[in-house]
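First to last, the protein sequences are chains D and F. According to the numbering used here, the first sequence is numbered sequentially starting from 15. According to the numbering used here, the second sequence is numbered sequentially starting from 14.
These are computed hints drawn from the structure, not numbers from a lab. Some clues are possibly wrong.
[To be verified] Simulated crosslink set (BS3-like; lysine-lysine; CA at most 27 Å straight-line):
#1 18(F) / 114(D)
#2 26(F) / 138(D)
#3 153(D) / 130(D)
[To be verified] Far from chain F, some chain D residues (derived; all Cβ distances over 10 Å):
#4 42
#5 138
#6 140
#7 177
#8 199
#9 216
[As the list claims (entries may be wrong)] Cβ-Cβ distance ranges computed for the label pairs, FRET-style:
#10 188(F) / 88(D): 18 to 28 Å
#11 123(F) / 196(D): 32 to 42 Å
#12 156(F) / 89(D): 51 to 61 Å
#13 21(D) / 36(F): 50 to 60 Å
#14 22(D) / 36(F): 54 to 64 Å
#15 47(F) / 114(D): 44 to 54 Å
Idealized CB from N, CA, C, for every residue including glycine.
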Amino acid sequence: MISISMKNVSKSFGDNEVLKDVTFEINEGEIFGMLGPSGSGKTTIINILTKQFAASSGECYVSAGSNEIGLMPEHDGLYSRLSCLDNLIVFEDIYGIPRKRTLEALERVGLSDSKKTVVEQLSKGMRQRLVLARAVLHKPKVLFLDEPTSALDPVTARGIYKLIRGLRDSGSTIFLTTHNMEEATHLCDRVVMLHNGTIIEQGAPKDICERYNSVKTVMDLENVFIQVTGGGL
Amino acid sequence: MNSFKAVFKKQLKDFIKNPAVLIQFAIFPLLAFVINIILDFESMADSMMYIEGMTEEIAAAMAYAMNDNMPNMTTMQATMFAGMALIPVVAGFIAEDIERKSLRFLMMAGVKPAPYLLGIGGVVFLISFFTSVAFGLVGGFGGLDFFVFVAAMMSGIAGSIVLGATIGILTKNHQAATALAMPVALIFGFGPMLAQFNDNIASALRFLYTQQLNIVADYLNGVAVETPLRQSFMIMWVNVAVLGFLFAAVYAKKGLKD
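Just chain F, same shape as in the assembly (with noise of 0.2 Å):
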């Protein structure tokens, strides 16, 4: 309990004073904010009917385009935060660790790998349910809605910190750590985006987890969606177990030494 205690508080500190990473937790649902309050989409879209010259067809089909067709802001945020902002992060301090050599300090003080890796975790664990619930404000998810909506982002954020620290302890350096995990991320994160706007890709996607938290976003947001919400939420947590194994794996291979 003492190592977990010691890491927690230690990854907090460091959390709190990295502000090249405490600005991924905010700029997300920040950006959300602004696009959603700042920029009102209906009023431009109105705007862009009136252009001169515009035949009526083409004004109806981009208010179409803009109000209604248009993807949800703070679910598209908030996939690309829980896919794109938090692996690298992840990865990144595990690396750091195990490059400057501090990881080998707390393991000769007798911290084991489980506790490290929890509380580095935990950490990050926390300070995302911060975000999520800042995205589900920012939503404007109301009642029940809201704890699902929540509920969804901490079930892919579980992913996001289980694949993170499997790239993490496999590359066992700051710069390897981030160059492995920023295209794994931009699978994770973008995949869903790219999924609003072709159905191949949607179909292609539909088993990563990232692409159902969009899609229980999206059912919240009233959207018609095919997959259940049950069925969302189980392949969100079958993919968190494939990655523990994948983690598991990889760990029994490589460790955590540097």
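Isolated chain D, as found in the complex (with noise of 0.2 Å):
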């Protein structure tokens, strides 16, 4: 059943086309990647699937209401002030779940500890965590997440992972942006990969990496992307 689509999806910010004719299909239960160096369009493509631009043209499809959608940004949205319990008591008092599963949700990030510390006192890695909690607060259909690992330490990252998968196998689906081949490896069920707003590629990783094996022998993501876009960012 599909979670999420994009047909022919075009995005542009005056001159500048962002986006051309973007057609991809997610899954639902799927953990997906849309891979892409850093100016190449993917936050655009949350930006549009979770409602806050709108397409220049094309059709969009989310399978989940706005209250279902859990959302981890590039921006993380705070309260500086607020202790990172507090900054999730909001979301608890909108959403009207019991305190019991917010205090969950920091432990699932490996903030427990550090509930009543002030957010301006945290690391951005602890910042990242936070957002995550407050992202999966209510158990989110459809989990948007842009970039969740990028200021983690591995051991930190992990942990993230296995905290994607067991949303994943409760039945969410998770759209996930990276740079990090490796992660999309490991991580993703299938990837896209998009160059300066086209995607080049997309599959299963294993089968991308077969695809290109035939002139690259290690099967690594990054060896095909470098490839298929000729090496330059």
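Could you fit the two chains together into a complex? Lean on the hints.
Structure, rendered in structure tokens:
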């Protein structure tokens, strides 16, 4: 069953066309990766799918209402003078969920011990984990993650991968963007490669790598990307 | 209701943890208290009359100025609080939420603009109520006068909250909100003070809610005023309604999105 789709979507800001005829589908309960360098249009796709921007042309579909969507964007939107727990309590009140679940969300991202710490005193990685806790607090049907592990150390990143897989196993659809090809290889069921606003490849990471094995012997999405784009970002 | 409660609670916590804003709600009544109680104008004026070499006429004029013609400090500080402190504060709260993208998350979670704005305005209104009560106590208003004074303050405060919210959604970042709110606040806050010394300014500002707040407070202090109490309240409420329309027009054009 289709959870998210884009059909022939284009988006321009003035004369700058940042997305060109983008088409893909994501199945329910899938971890789907959008790969590409900075400026390739990944965040714009998230903004269109979460209705923050309108597409210039084309059709979009998300099988969840606005309060069934979780979002972890590049701007954290945290209340810097409030504690970690107080930041989550705002959304606990909006969704009407019990405190127990809020505390569980903090525990799942490893912030239980810092629940009373004011956000402005958190490291970048801790802020990122708090944003993830906020995104999964209401157990969303569809979760959008914009570079979820970009500021995290490898150990914490692995914990986040586990959390993302757990959400997938409980039925959530995960859409994540990353420029970390290794992360995409290990985490995603399917990926799309985006370059200058155009999809250049899509499929399961293993299939994509195998498709290029005739040229490269190493099964590595990064090599595939460099090969397909001609090496330049 | 969940949305209003969430925004109200959030804003209250944020307010309490924001000393730069919190101090503005204490400093004006505190200043009035200090000027009224610690500095005793009467004794100051009396002592000034005995400056060596001063003629009796000058001494009498100074005593008049210090004792009888000195604007009431509580009234002045209360008007400045209602007009000057609140506009940048409310504008800053909204612009800050837009700028740091936290408002985007609230909207995505299903919070509608009305409960959001009511939550922000509600907190400022509540804290301002306590400040108004403090002014009432510092000003020594008793009985019915106390309630009339607080009612006049809350009418003026409502106007400033709506005006601040308009600036907040118009500017969309904290720096721009402060830049626009400050001159507006100076007109609304300082205008009535200047009007105490100049009849032309008083005449020009007579339709401003802060000027009418000043007139109500003067009346309660026993100063002879030309505007009847009921008319002052009417002007203030018309101000709130006009500012409400202005807010609606700006909101319709700009919305709350960043």
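Hint by hint, here is what the structure shows:
1. About 19 Å separates the Cα atoms of residue 18(F) and residue 114(D), which keeps this hinted pair within 27 Å; it holds.
2. Between the alpha carbons of residue 26(F) and residue 138(D) the distance comes to roughly 23 Å, so the proposed pair stays at or under 27 Å and holds.
3. A threshold of 27 Å between alpha carbons decides the hint, and for residue 153(D) with residue 130(D) the separation of about 23 Å falls inside it, so the pair holds.
4. Chain F leaves residue 42(D) outside its interface by the beta-carbon criterion, the shortest separation being 21 Å against a cut-off of 10 Å.
5. Interface exclusion of residue 138(D) from chain F stands, the closest Cβ pair being 15 Å apart, more than 10 Å.
6. Even its closest Cβ contact with chain F, about 17 Å, leaves residue 140(D) beyond 10 Å, as expected for a residue assigned away from the interface.
7. Once the 10 Å rule is applied to beta carbons, residue 177(D) is consistent with being away from chain F; the minimum gap is 19 Å.
8. Taking the minimum C-beta to C-beta distance to chain F, about 30 Å, the non-interface status of residue 199(D) holds against the 10 Å cut.
9. The claim that residue 216(D) lies off the interface holds: its Cβ sits roughly 27 Å from the closest Cβ of chain F, which is beyond the 10 Å cut-off.
10. Look at residue 188(F) against residue 88(D): about 21 Å separates their beta carbons, and that is inside 18 to 28 Å.
11. For residue 123(F) and residue 196(D), the Cβ-Cβ distance of about 36 Å falls inside the hinted range of 32 to 42 Å, so the restraint holds.
12. As the Cβ distance of residue 156(F) to residue 89(D) is approximately 53 Å, the hint placing it in 51 to 61 Å holds.
13. Checked against the hint of 50 to 60 Å, the pair residue 21(D) and residue 36(F) passes, with Cβ atoms roughly 55 Å apart.
14. The hinted window of 54 to 64 Å between residue 22(D) and residue 36(F) holds, with their beta carbons roughly 56 Å apart.
15. At about 49 Å, the CB distance of residue 47(F) to residue 114(D) agrees with the hint of 44 to 54 Å.
The structure meets every hint from the earlier list without exception.
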